[in-house]
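Peer 1: Single-letter residue listing:
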Amino acid sequence: MNAQPIHFKPSEGFRARSKAVVDNPFLRQSFRGAMDFLMSKRAAQFPDPEELESLRTLGEHIRQYNLGKLPELLLQLEDRLTKNGIQVHWAETPDEANAIILGICQRIGAKLMVKGKSMVSEEIELNHAAEAAGIGALESDMGEYIVQLAGEKPSHIIMPAIHKTKEEIARLFHEKVPGVTEYTDNVDALIQIGRNVLREKFLEADIGLSGVNFAVAETGTLCLVENEGNGRMCTTAPPVHIAITGIEKVVEKLEHVPPLLSLLTRSATGQNISTYFNMISGPRQPGEKDGPAEVHLVLLDNGRSQAYADEQLRKTLQCIRCGACMNHCPVYTRIGGHAYGTTYPGPIGKIISPHMLGLEATATMATASTLCGACGEVCPVKIPIPELLMRLREESFTAPHANPAMRGQGAGYSPLMSAVWRGWAAVYRSPVLYRGVTWLGSRLGWLMPARQGAWTTVRVPLRPAAKRLRDMLKERG
Amino acid sequence: MSARDRILAKLRAGAPSENRSEPDVAGWFASHRPVETAVQKVARFRSCIELAHAEVHAVTPNNWLGKLHAVLHARGVDKILVAEGTAHGDAALDRLPPQGIECSTYDIAIEAWKSELFNATPASLTAARAAIAETGTLILWPDEHEPRLMSLVPPVHIVLLDAAAIYNTFFEAMQAEGWKDGLPTNALLISGPSKTADIQQTLAYGAHGPKELIVLLIGDEQ
Ligand code: SF4
Numbered sequence: 001m002n003a004q005p006i007h008f009k010p011s012e013g014f015r016a017r018s019k020a021v022v023d024n025p026f027l028r029q030s031f032r033g034a035m036d037f038l039m040s041k042r043a044a045q046f047p048d049p050e051e052l053e054s055l056r057t058l059g060e061h062i063r064q065y066n067l068g069k070l071p072e073l074l075l076q077l078e079d080r081l082t083k084n085g086i087q088v089h090w091a092e093t094p095d096e097a098n099a100i101i102l103g104i105c106q107r108i109g110a111k112l113m114v115k116g117k118s119m120v121s122e123e124i125e126l127n128h129a130a131e132a133a134g135i136g137a138l139e140s141d142m143g144e145y146i147v148q149l150a151g152e153k154p155s156h157i158i159m160p161a162i163h164k165t166k167e168e169i170a171r172l173f174h175e176k177v178p179g180v181t182e183y184t185d186n187v188d189a190l191i192q193i194g195r196n197v198l199r200e201k202f203l204e205a206d207i208g209l210s211g212v213n214f215a216v217a218e219t220g221t222l223c224l225v226e227n228e229g230n231g232r233m234c235t236t237a238p239p240v241h242i243a244i245t246g247i248e249k250v251v252e253k254l255e256h257v258p259p260l261l262s263l264l265t266r267s268a269t270g271q272n273i274s275t276y277f278n279m280i281s282g283p284r285q286p287g288e289k290d291g292p293a294e295v296h297l298v299l300l301d302n303g304r305s306q307a308y309a310d311e312q313l314r315k316t317l318q319c320i321r322c323g324a325c326m327n328h329c330p331v332y333t334r335i336g337g338h339a340y341g342t343t344y345p346g347p348i349g350k351i352i353s354p355h356m357l358g359l360e361a362t363a364t365m366a367t368a369s370t371l372c373g374a375c376g377e378v379c380p381v382k383i384p385i386p387e388l389l390m391r392l393r394e395e396s397f398t399a400p401h402a403n404p405a406m407r408g409q410g411a412g413y414s415p416l417m418s419a420v421w422r423g424w425a426a427v428y429r430s431p432v433l434y435r436g437v438t439w440l441g442s443r444l445g446w447l448m449p450a451r452q453g454a455w456t457t458v459r460v461p462l463r464p465a466a467k468r469l470r471d472m473l474k475e476r477g
Numbered sequence: 001m002s003a004r005d006r007i008l009a010k011l012r013a014g015a016p017s018e019n020r021s022e023p024d025v026a027g028w029f030a031s032h033r034p035v036e037t038a039v040q041k042v043a044r045f046r047s048c049i050e051l052a053h054a055e056v057h058a059v060t061p062n063n064w065l066g067k068l069h070a071v072l073h074a075r076g077v078d079k080i081l082v083a084e085g086t087a088h089g090d091a092a093l094d095r096l097p098p099q100g101i102e103c104s105t106y107d108i109a110i111e112a113w114k115s116e117l118f119n120a121t122p123a124s125l126t127a128a129r130a131a132i133a134e135t136g137t138l139i140l141w142p143d144e145h146e147p148r149l150m151s152l153v154p155p156v157h158i159v160l161l162d163a164a165a166i167y168n169t170f171f172e173a174m175q176a177e178g179w180k181d182g183l184p185t186n187a188l189l190i191s192g193p194s195k196t197a198d199i200q201q202t203l204a205y206g207a208h209g210p211k212e213l214i215v216l217l218i219g220d221e222q
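Chains as they are written, first to last, in our numbering: chain C, 1 to 477; chain G, 1 to 222.
One chain only, chain G, in its complex shape (with noise of 0.2 Å):
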């Protein structure tokens, strides 16, 4: 008998003559979560990725690629990974390059090019799918075009959100999107840079991942 086997026979052996019922998830938070409007969803993102030490811009379809170039700017940071093949990437390929961000993509896998990714890259763009209100969290799905690591390796992480995209919780973005019915190789939430309190409970942002995350938030109201 395998180990397989013989965990499956004693578990099924031991396993309880009665089933509880299946829980009621989506009635626990129909009763605990109210349902924001957008404006008040986008305000508690705001205020919850923040307190998280994530900045926040609001910045519209048509200003955000200025706004990119300030953020960069005012960091003295000269070049940024973008994703070509997507319409902000290529954006950002199209604008920055003449205002003296040098643009590199993400074009061969990353065995090619791992030690200059992380040893030469200060700043990425991705996009979020979507937000979660009620923790400040944003969702990324990962893909050919935005590869995992292009949100974890540079120390500055700028990312796009349509403030139209801000569900109210995780549960309720799960159900909407039917995540159940497919998942990417790598589905993340993130909510702020990287962070430990591993010595002596002392906060301190960029443990290994991202030390700066930036959101430009497309259509935020305020």
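This is chain C alone, in the form it adopts within the complex (with noise of 0.2 Å):
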């Protein structure tokens, strides 16, 4: 049902989608709205600045420490869910991962599918591997339900349908929703509406599936942060539960997920809790009279394992997905979403989608940044986003070489650029040439081309002065 190819190509095609945005006032209103909505509904959360940097700093360092241990926390934790009876799975790729949930689905003879929302599941495509093997595979959180029917992706982390106007999304019932008779814009009633179709599905679903906000291996619990219900519905009423997630979610210990969850949810909506929060430690036991029979985890590496390798890139895996780089990104904020052509779009989808897709599908994403450091400023776990960003700038752009830290490094990388650069640097270096230089460009200025690519397509040609500074200081004597 996702209109989206399952391969991206986000470097393809990101002006044009950006201009489209850029272009439609409602759309740039939308986001506009959307995200000064969210900034101030954070800062409310955060009075007290001291409070809020040290409560950064724990969860830094809770996320620091338990990535220093990740791969004894994941035997940790595959042991501790093994022994609660939940099946613990291992997928390196997003094919290996649909693999592994048709498997369960086609096992049990399952034809639908209901979902929470899972990111994950989004960066594996997996509505897509679902419907090509016959399975419906329904979105139930209501955002995700919205972008499902519209045939689109969500364009944010945490709010998918921020894009879409009421109207928008009363027209979309209207049309597509069975049993829809009469237009309503009246939010209550539209997500009464949304409400009555998904309890049926809950209902009839074989399969439901959820991701993890924070997998916990002392105790083999598997936690999950939400607002709608339809997390617990998914993870509860249908007879078999999978769940998916990232294989950076890991915490060695319970205690380190208060100070998680209160960053998380305080960044990213503005609420001091969510309105829920699912901890499941296990299948349906006996005497117990619901819950699933079967619980399933899969674990995926989808290009973590790379960033993980690299001490700076690593930082990116600190993430918890609470999406405020992006409500504070002057450029997500004019852009919107689907403009990035990735599953996570904004400051932490340029981070983490290089790892995932390649240097030569993503290549020119780092440049995409005003490095004005909000990113960075707003992040709950303080990943230096903007750091990451000159990095992968230069991962992308510089010569090919040996051993790279990253698929698809030099991707960027043009002879000709490089060239112009270093002779740049060659004519700054040395006075004389400098000198020559700027003395032969201050006569044959008006050799320059009225048309210089992309720089004129919104200033003005650059052309040298007639006369050089150091002249004109010459002159005043």
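No lab work stands behind these hints, which were simulated from the structure alone. Being a predicted model, the structure only gives us computed values, none of them experimental. Some hints here could point you the wrong way.
[What the hints assert, rightly or not] Straight-line distance between alpha carbons at most 27 Å, and here's what the computed BS3-like set of lysine-lysine pairs gives:
hint: 1; chain 1: C; residue 1: Lys-166; chain 2: C; residue 2: Lys-111
hint: 2; chain 1: C; residue 1: Lys-176; chain 2: G; residue 2: Lys-67
hint: 3; chain 1: C; residue 1: Lys-201; chain 2: G; residue 2: Lys-67
hint: 4; chain 1: G; residue 1: Lys-114; chain 2: G; residue 2: Lys-10
hint: 5; chain 1: C; residue 1: Lys-83; chain 2: G; residue 2: Lys-180
hint: 6; chain 1: C; residue 1: Lys-382; chain 2: G; residue 2: Lys-10
hint: 7; chain 1: C; residue 1: Lys-166; chain 2: C; residue 2: Lys-201
hint: 8; chain 1: G; residue 1: Lys-79; chain 2: C; residue 2: Lys-41
hint: 9; chain 1: G; residue 1: Lys-79; chain 2: C; residue 2: Lys-253
hint: 10; chain 1: C; residue 1: Lys-382; chain 2: C; residue 2: Lys-41
hint: 11; chain 1: C; residue 1: Lys-69; chain 2: G; residue 2: Lys-211
hint: 12; chain 1: G; residue 1: Lys-67; chain 2: G; residue 2: Lys-180
hint: 13; chain 1: C; residue 1: Lys-83; chain 2: G; residue 2: Lys-79
hint: 14; chain 1: C; residue 1: Lys-69; chain 2: G; residue 2: Lys-41
hint: 15; chain 1: C; residue 1: Lys-201; chain 2: G; residue 2: Lys-180
hint: 16; chain 1: C; residue 1: Lys-201; chain 2: C; residue 2: Lys-111
hint: 17; chain 1: G; residue 1: Lys-10; chain 2: C; residue 2: Lys-41
Relying on the hints, combine the two individually framed chains into one complex.
Peer 2: The following block contains the structure:
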């Protein structure tokens, strides 16, 4: 049902997609309004700067401590989950993850899967794979349900349908939801329509699929943060629950969860806690009357181990997916999430996607940033996003070399551009050359073309001044 | 090599040479969260959960059933799901039917009555194990008496909470109760009725779970 083809090429068409949003006043207004709303809600949750800073430091420490022990924690998690009766699967690639999930569906003869919000399932394009295998995959988070009905992808990791107005959603429901005979743009009525449709599906579904916010190694517990109750429905009502998560989400101890949860909900939507925090430590036990008979966890790598291997890039994996960096990003606010063409948009998307898709597909992503630093300042676990963007620019645009830290290193490298920069550097390094070139420039400036590629689409042409500063100073005496 | 071995091998090969010390979570809470008196905790719990759109009623061990009846009556609800085999469930089973409220029980596995639970169960009563003042949160540990879906499917969810079981923080609750040494199959934190702001950031209640959350707070000294 998703319109996005399975292989992302975010670098292609980024400019056109961005322009389409910038040229659309309604969309621009939607994003601006939504981001202002989320920013002010977050700010209200952190009135005390000292508390915020110390909690961020603690959050960063917790994430770094756990990443430091990642291989052993994954084993401890697997061991505990298995003892609790939860089956653990490992997948290196999206294809492997899909095969595991569809294998479970096929084994039990599943026809319908209801899904809680899971960005990792978006990452592996599970809906496409399920459809191809003849299994219905229905999104049950209201925002995800809306974008799925529209044949789109989420445009924000926390608020998937943020780009849509209620009138658009009203039209969509009127046209596409069976049984909706009258148009209404009353939000309560629209939610009621969604609720009624999805309640039927929770009843019918053979499989419930969810993401994971934190996986606790010491207790073998999968934690899920949500407001709607659809996460609880998906993990409780169907006979089989499959959870999928990136390998970085594990924490060693239960006590690591409260600070991260507090940072997550306050940074994401400005709530001091979400409506539901679901802690799943096992399938239905003898005597219990509900809960799934089978619980599975799929641990997905998909490029994360590449980020892990480099000390600086490893910080990318500290992310708790709060979305605050995108809410505060001046670029995201103007172009919205779809322009990026990746599962994760905005600043976090720019630093994680190159590991998932390779720099071949994402070489220019890191350049779509003003480097204003807002993302790094709001990140609840202190990921130095601007620093990572600089690093990724370097990985993309320097000449390919042996043993690169990243797949596709040098994908954006151009010998011509590199020669230009080398020449530029040489000129600035040598006073004689510098003088010569500026002398020539001031005389031959008229030769500069009036059209200078992308520069002149929004700016006046670059033209050296007729007189050099040094000459003007000399004339002054 | 399996995917598992390959992933682990890559992670081991890339693991940092120096590990960070263990984070001092207890120290952070000790220096950043005041320990409040029982009265303050109740007040804070109440204001937080009310802000999240829950309704709270102060009750006593003797009058809570009367309040429960009044709450149901006010909504025109004449049927409620209760847990047989618990003190509060059995009390409700005794006292509500004579007052015109039909009580059903969750005494068989969900498969046998899923449709009835989803379509013909307007309200439920469960107990909270404890609560958290800082965030206005109820802690529920579903078990064989009070299964998981009881607190999720019926549109009106009524929760009985003892004010003496309110902790300052989530961290304090898990430490004091030794959760790391034994969690149920599904533990839940609930902080209001189900909600969403997915349509144009407009808050709407009753997205998938209960539309109303009502807390009967035993021993609220206010
Ligand atoms: S990078 Fe930081 S701010 Fe962005 S989503 Fe991740 S945790 Fe949140």
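Peer 1: Does each hint fit the structure? Answer for all of them.
Peer 2: Here is what the structure says about each hint:
1. With a C-alpha separation of about 31 Å, the suggested pairing of Lys-166 of chain C with Lys-111 of chain C is violated against the 27 Å cut-off.
2. A threshold of 27 Å between alpha carbons decides the hint, and for Lys-176 of chain C with Lys-67 of chain G the separation of about 44 Å lies outside it, so the pair is violated.
3. Pair hint Lys-201 of chain C plus Lys-67 of chain G does not hold up; C-alpha atoms about 35 Å apart against a cutoff of 27 Å.
4. Only pairs whose Cα atoms come within 27 Å are accepted, and Lys-114 of chain G paired with Lys-10 of chain G is rejected, the gap being roughly 45 Å.
5. With a C-alpha separation of about 15 Å, the suggested pair Lys-83 of chain C and Lys-180 of chain G falls inside the 27 Å cut-off, and the hint holds.
6. Simply put, Lys-382 of chain C and Lys-10 of chain G have alpha-carbon atoms about 25 Å apart, close enough for the 27 Å limit, and the pair holds.
7. Restraint check for Lys-166 of chain C and Lys-201 of chain C: the C-alpha separation of about 24 Å stays at or below 27 Å, so the hint holds.
8. Taking the CA atoms of Lys-79 of chain G and Lys-41 of chain C, the gap is about 39 Å. The hint is violated against a cut of 27 Å.
9. At roughly 42 Å between alpha-carbon atoms, Lys-79 of chain G and Lys-253 of chain C are farther apart than 27 Å, so this suggested pair is violated.
10. Taken as a hint, the Lys-382 of chain C and Lys-41 of chain C pair is honoured in the structure, with Cα atoms around 20 Å apart against an allowance of 27 Å.
11. Between Lys-69 of chain C and Lys-211 of chain G the CA atoms are separated by roughly 42 Å; this puts the pair beyond 27 Å, and the hint is violated.
12. At roughly 36 Å between alpha-carbon atoms, Lys-67 of chain G and Lys-180 of chain G are farther apart than 27 Å, so this suggested pair is violated.
13. In summary, the hint linking Lys-83 of chain C to Lys-79 of chain G is not supported, as the alpha carbons are separated by about 40 Å, beyond the 27 Å threshold.
14. Between Lys-69 of chain C and Lys-41 of chain G the alpha-carbon distance is near 37 Å, which puts this suggested pair outside the 27 Å criterion.
15. Distance check on the hinted pair: Lys-201 of chain C and Lys-180 of chain G sit about 35 Å apart at the alpha-carbon level, beyond 27 Å; violated.
16. A distance of roughly 11 Å separates the Cα atoms of Lys-201 of chain C and Lys-111 of chain C; the hinted pair therefore holds under the 27 Å criterion.
17. Restraint check: the Cα-Cα separation between Lys-10 of chain G and Lys-41 of chain C comes to about 40 Å, which exceeds 27 Å; the hinted pair is violated.
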